[in-house]
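*Asks:* Sequence:
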Amino acid sequence: MEASIRDTKLITIGNSKGVSLPNCLLQKYGFSNWLLLEETEQGILLRKKDDNKLPYEETYKAIAQAQEDWTYFDQTLLDGLEKNEFTTPSI
17 MEASIRDTKL
27 ITIGNSKGVS
37 LPNCLLQKYG
47 FSNWLLLEET
57 EQGILLRKKD
67 DNKLPYEETY
77 KAIAQAQEDW
87 TYFDQTLLDG
97 LEKNEFTTPS
107 I
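One gets our numbering by counting positions in the sequence shown from 1 and adding 16 to each.
Since the hints were made in silico from the structure, they are not lab data. Just so you know, not all the hints are guaranteed correct.
Derived pair list, reagent style EDC-like, types lysine to aspartate or glutamate, alpha-carbon separation capped at 16 Å [what the hints assert, rightly or not]:
#1 44 - 74
#2 65 - 54
#3 64 - 54
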């Protein structure tokens, strides 16, 4: 994709500044009411927010409700790694 450069004026929005984005760009990149603003070394990057991702709190709730079977994890507790065979010699 070829880069496109446009002159855009900063506008005052209360105590902040903003930019007006052309509707065709918003549609082209799938922006809705929310977007992600990322600060990079090159400048500010606007990205589409993934609405399918759950917030952390909802993710934790979903994990708790999943009722996964973790009994196989108990086998790792008996793998013998708790015994440190490679101790550092005392000087």
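*Asks:* Hint by hint, note whether the structure agrees.
*Replies:* Results of checking the hints against the structure:
no.: 1; hint: 44 - 74; in the structure: violated (30 Å)
no.: 2; hint: 65 - 54; in the structure: holds (11 Å)
no.: 3; hint: 64 - 54; in the structure: holds (11 Å)
Of the numbered hints stated above, the single one contradicted by the structure is hint 1.
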